[in-house]
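For reference, the chains in residue letters:
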Amino acid sequence: MEFFAFFYRLAFYGEQLFHHLHGWSDEANGYVAQSDRFPLIFSVTLGVCFLAFILYYFIIDHPRANRWYFWLIPLGVVLFTGFGLAFGIVRTDMDSGVIAESLSNDIGMGNAILFGVYNGLLGGIFFLLLSALFRFPSRNSKHSPWPLLVTKLNNKGIKNYE
Amino acid sequence: MSKLYVFGIGGTGSRVLRSLTMLLASGVECDADIIVPVIIDPDDSGADKTRTIDLMNNYRAVRSKLEFNQHNRNRFFRTEIKPVDGMTNFILPLQNTRDCRFKDFIAFNQLNKESMAFVKMLFSEKNLDSDMKVGFKGNPNIGSVVLNQFADSQQYKDFSNSFEDGDRIFIISSIFGGTGASGFPLLLKTLRSDKSSQSWKFVSQAKIGAVTVLPYFNVTEDENSGVDSSTFISKTKSALAYYKKNISDNSSINALYYLGDSVTATYENHDGGVKQKNNAHLIELAAAMAILDFASQPDEKLAGQTLHFEYGLETQKDERQQVTFADLGKESRKLLSVPLTQFLLMKKYVDYAMDGQYKYQPWAIDNKLDENFFDGDYVSTVKKILADYNEWLHEMSGNMRSFKPFNEEKSNPLFDIVNGKAARKYYPHFFTRNYALVDSLLNKRWKKFNKAATREQKFCELFFRATEDLVKNKYNF
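Residue numbers (our numbering), protein chains in the order written: chain C, 1 to 162; chain V, 163 to 639.
One thing to keep in mind: the hints can contain errors.
[To be verified] In silico lysine-lysine, PhoX-like type, Cα no more than 25 Å apart, as pairs:
| hint | chain 1 | residue 1 | chain 2 | residue 2 |
| --- | --- | --- | --- | --- |
| 1 | C | 152 | V | 496 |
| 2 | C | 152 | V | 610 |
| 3 | V | 288 | V | 165 |
| 4 | V | 496 | V | 572 |
[As the list claims (entries may be wrong)] Listed next, with one range per pair, are the computed distances between beta-carbon atoms:
| hint | chain 1 | residue 1 | chain 2 | residue 2 | range |
| --- | --- | --- | --- | --- | --- |
| 5 | V | 196 | C | 147 | 38 to 44 Å |
| 6 | C | 147 | V | 592 | 20 to 26 Å |
| 7 | C | 147 | V | 462 | 53 to 59 Å |
| 8 | V | 609 | C | 154 | 15 to 21 Å |
These aren't lab readings, by the way, just hints derived from the structure by calculation.
Note that this is a predicted model, so its numbers are computed, not measured.
All C-beta atoms, glycine included, are put in the ideal place defined by N, C-alpha and C.
Put together the whole structure using the sequences plus the hints.
Put into structure tokens, the structure is as follows:
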């Protein structure tokens with residue numbers, strides 16, 4: 001499960017919260033795979049990213065929605081969902097008291113919000129990467145939010161209108 | 163067939179050429195590779211003539227940037243329109259008609275007494291004092307004298323020398339005016355008999371067709387005008403008798419198309435000049451179709467006796483009713499409905515959506531159709547032609563008899579523009595409708611699309627393909 005934890009290593013949201021989400025157990029004095037929250041959080045965040053990407057670029061793909069400001073809508077959905085999911089899981093754990101005693105004193109609301117922001121940003125970055133790399137087959141929205149690099153390069157050879 | 167020389171005589175000639183240019187711009191099928199218009203009209207400032215020349219020059223400017231080969235499906239501007247080398251603005255100039263009264267042209271004052279008396283029998287005082295700078299004002303007796311000079315001009319020789327075996331000639335004239343009624347038989351005689359050029363054999367033996375337009379409008383009464391519509395019918399009858407004897411009976415023409423209408427609009431009475439700007443008319447469209455019909459006739463069919471053609475509508479219409487595509491015969495409907503609708507859809511998109519869309523749409527970005535291109539001369543000329551096209555449709559719809567296949571003034575919803583034809587539901591891509599549907603089709607990855615083509619080529623090709631898809635799926639013509 002180290003793969004999923006890898007994406008959450010930059011633990012500016014709190015070292016203790018990282019350990020908790022990774023599945024720390026005082027009883028086991030180590031990480032318990034069944035308690036690892038990262039696979040779920042990561043999968044759902046990534047799934048939402050994919051869904052937003054597919055919806056925007058290939059299902060809706062509307063010629064009137066191919067502006068950069070329309071692209072902010074799925075991005076916003078990804079950020080909001082990522083935040084809500086991460087924050088919600090931490091809050092639920094805090095409320096239900098499942099956090100190991102050795103960690104619980106150092107995990108508060110601030111950490112939950114920061115983790116929400118972290119996960120939201122992570123989702124946003126994935127969405128950005130998907131948009132940058134895989135939007136080219138889209139019929140109407142392939143140049144949203146900015147024109148494809150390959151198009152710019154191709155167009156360099158075309159002379160301006162005289 | 164390689165070239166079709168189309169002589170447009172008088173105001174009607176120019177107006178029919180205008181209709182023909184509109185048809186060719188929209189991509190109507192034409193069996194001639196090149197149309198070579200030649201305008202014969204002494205009225206230098208005639209608005210009908212000048213706007214037709216402007217239109218044809220714009221057509222040429224747009225077409226000059228296009229190529230037509232196996233990679234292209236585009237039919238917009240497909241047929242080449244070009245003037246005879248050495249001819250400016252498609253005009254075959256007439257000598258000594260400017261600032262010259264008819265009596266001066268024939269040197270009346272230098273005639274002897276007997277000749278003067280004879281001339282006075284043939285021409286009224288008004289005829290003799292007539293100023294010819296705006297034409298012959300409905301007086302074919304003047305035209306038959308003045309126009310008897312075709313073969314002398316260098317431009318006629320240029321035409322004749324450029325003529326090749328297999329080329330054809332078509333003559334447009336009205337029978338009830340001055341210039342056309344007199345010019346047609348004279349021109350035909352010259353074409354068949356002039357031997358002053360190297361290619362005279364090809365010209366004299368060429369397949370020649372003509373459309374002669376019978377009265378289809380009246381003019382208001384005006385004592386100061388030389389044009390009097392009460393004489394139209396009598397002039398027509400005389401000319402018809404003359405044509406029968408001197409043209410049809412001796413088979414000097416291969417195909418003769420007669421067009422007319424009992425329903426007539428009344429235009430303001432102008433002798434000519436800038437004010438003579440008659441609205442486009444269904445009859446002129448039918449005359450343009452006669453040219454295309456002539457071009458499609460096989461050589462064998464045109465050999466022998468003169469073929470005579472008339473034109474009729476499929477349905478009976480009284481004067482108050484508008485003619486739509488449904489009223490046209492099957493062949494005309496097939497010929498016109500698809501290309502005219504495609505071109506109008508392009509016009510609507512260019513007017514109401516293009517400027518706001520091109521910065522965002524892949525069809526423009528991928529082909530580097532940028533601000534520079536859209537603000538350039540090419541698109542501006544295309545826009546001019548599209549505006550003229552809309553005006554032409556609008557004029558026909560307001561005329562009598564009215565030809566109104568489209569709600570051309572309507573811009574939204576886009577697909578409600580065809581009169582009497584409800585657009586079918588067609589959502590090839592997630593509820594894209596109206597102008598967005600056009601964008602979606604422009605953005606489609608078209609097979610066999612030549613990415614190496616010029617931007618002008620791509621622009622026309624894209625619009626042709628998108629509108630072709632739309633017309634096929636939206637309307638069941």
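Hint-by-hint comparison with the structure:
no., hint, verdict
1, C/152 with V/496, "43 Å, violated"
2, C/152 with V/610, "22 Å, holds"
3, V/288 with V/165, "42 Å, violated"
4, V/496 with V/572, "24 Å, holds"
5, V/196 with C/147: 38 to 44 Å, "41 Å, holds"
6, C/147 with V/592: 20 to 26 Å, "22 Å, holds"
7, C/147 with V/462: 53 to 59 Å, "57 Å, holds"
8, V/609 with C/154: 15 to 21 Å, "19 Å, holds"
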